[in-house]
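**Q** Sequence:
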Amino acid sequence: MADKKLLVVLGATGKQGGSVINSILGDEKATAQFSIRGITRDPSKPSAQALAKRGVECVKADLNSKESLIEAFKGAYAVFAVTNFWETGSAETEIQQGKNIADAAKEDNVQHLIWSSLINVTKVSGGKLTGVSHFDSKAAVEEYIRGIDVPATFFLPGFYMSNIPAGSLNNISGVYNFSNPVPNNTPIPLFDSYRDTGKFVKAILLNREKVLGKQIYGATDYYTPDRIISEFQAVKTQDGQGGAAIHIPDEDFKGILAIGNMPEKAREELLQNMKLLYMFGYYGGASLKESLDLLDEAPTTWKEFVEQEPAWAHLK
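According to our numbering, the sequence shown is numbered sequentially starting from 185.
Among the hints, erroneous ones may be present.
Heads up, simulated DSS-like pairs for lysine-lysine below, C-alpha to C-alpha not over 30 Å straight-line [stated by the list, open to error]:
(1) Lys199 to Lys473
(2) Lys237 to Lys188
(3) Lys394 to Lys188
(4) Lys244 to Lys189
(5) Lys213 to Lys394
(6) Lys500 to Lys487
(7) Lys199 to Lys398
(8) Lys307 to Lys283
(9) Lys290 to Lys189
(10) Lys449 to Lys438
Across the chosen pairs, the derived CB separations fall in these ranges [claimed, not checked]:
(11) Leu396 to Trp270: 25 to 33 Å
(12) Glu327 to Gly358: 32 to 40 Å
(13) Pro230 to Gly358: 36 to 44 Å
Keep in mind that the hints were calculated from the coordinates and are not lab data. Here a beta-carbon is modelled for each residue, glycine too, at the ideal position from N, C-alpha and C.
Please work from the sequences and hints to get the whole structure.
**A** Below, the structure is given as structure tokens:
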């Protein structure tokens with residue numbers, strides 16, 4: 185263990201952090217180079233204990249406490265950092281948490297900070313879309329990290345495939361329609377966060393010199409709504425038939441979100457998030473090629489996700 189580099193993973197029991205741990209532990213080359221310290225709020229909970237049994241050192245830390253992060257990062261060569269905007273719904277809180285992470289990484293002389301980031305929608309849209317706080321807050325932290333000269337790479341996860349079964353592709357009218365407030369030719373960078381975050385982060389770790397200072401886009405491909413529904417139907421050849429991609433009005437989209445008692449501010453934020461897709465592009469129109477070329481294993485395709493998705497396991 186002593187000759188291995190220490191990788192600290194924040195959110196170790198979450199989707200992104202858990203995926204990173206799974207990828208490192210499942211790769212011979214990576215496990216030969218890195219030991220893992222997983223950061224969690226409660227190392228005694230079953231999910232953390234399960235990681236400990238796999239050889240992960242589980243440590244308690246609080247993103248709101250820079251001092252606890254400095255302690256947690258001691259001896260670290262690399263840190264994978266992810267925050268959860270939706271836990272508080274506060275951009276100010278997320279930005280401060282990100283700054284705490286960055287300051288702690290600098291204090292501990294971390295050689296590679298991997299920040300789970302997103303684009304600044306307000307800037308990319310020229311001020312037309314100012315309400316996508318969960319993007320802008322992460323972008324603000326990225327800007328801060330660049331400003332204090334911490335060696336860093338910025339990982340930008342795409343549109344979560346896992347949000348689709350729970351939301352816009354469902355059987356409300358007797359058939360499975362994919363209903364969204366975007367044109368049917370809109371490019372959407374789909375991403376399986378649980379299976380694939382680790383594939384990208386592992387590639388970032390193993391290619392440090394090549395990716396320092398860069399943004400790496402975490403997505404399998406750009407899919408249009410038409411392609412999403414057609415590939416769903418290609419997998420679910422019986423129960424998936426008869427539906428279509430449907431471009432619904434903005435207010436209908438917000439009305440659907442309201443069914444779950446989502447606050448108006450959050451509904452407007454998600455609507456503007458969808459507008460970003462067709463007005464300016466999720467990644468501002470950037471190509472995925474350079475990011476995908478880093479991978480040594482293929483990312484999950486939409487068809488593969490449909491085949492493996494538990495919510496659709498009963499469909500033929």
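**Q** So, for every hint listed, does it hold in this structure?
**A** We went through each hint and held it up to the structure:
1. Lys199 to Lys473: This hinted pair holds, its Cα atoms lying about 24 Å apart.
2. Lys237 to Lys188: holds (19 Å)
3. Lys394 to Lys188: Holds, at about 21 Å.
4. Lys244 to Lys189: holds (20 Å)
5. Lys213 to Lys394: holds (18 Å)
6. Lys500 to Lys487: holds (14 Å)
7. Lys199 to Lys398: Holds, because 23 Å separates the two Cα atoms, which is no more than 30 Å.
8. Lys307 to Lys283: holds (20 Å)
9. Lys290 to Lys189: holds (17 Å)
10. Lys449 to Lys438: Holds - the C-alpha atoms of lysine 438 and lysine 449 are around 10 Å apart, at most 30 Å.
11. Leu396 to Trp270: 25 to 33 Å: Because 30 Å falls inside the window, the suggested range holds.
12. Glu327 to Gly358: 32 to 40 Å: violated (48 Å)
13. Pro230 to Gly358: 36 to 44 Å: At 40 Å between Cβs, range holds.
Checked against the numbered hints given earlier, the structure breaks only hint 12 and satisfies all the rest.
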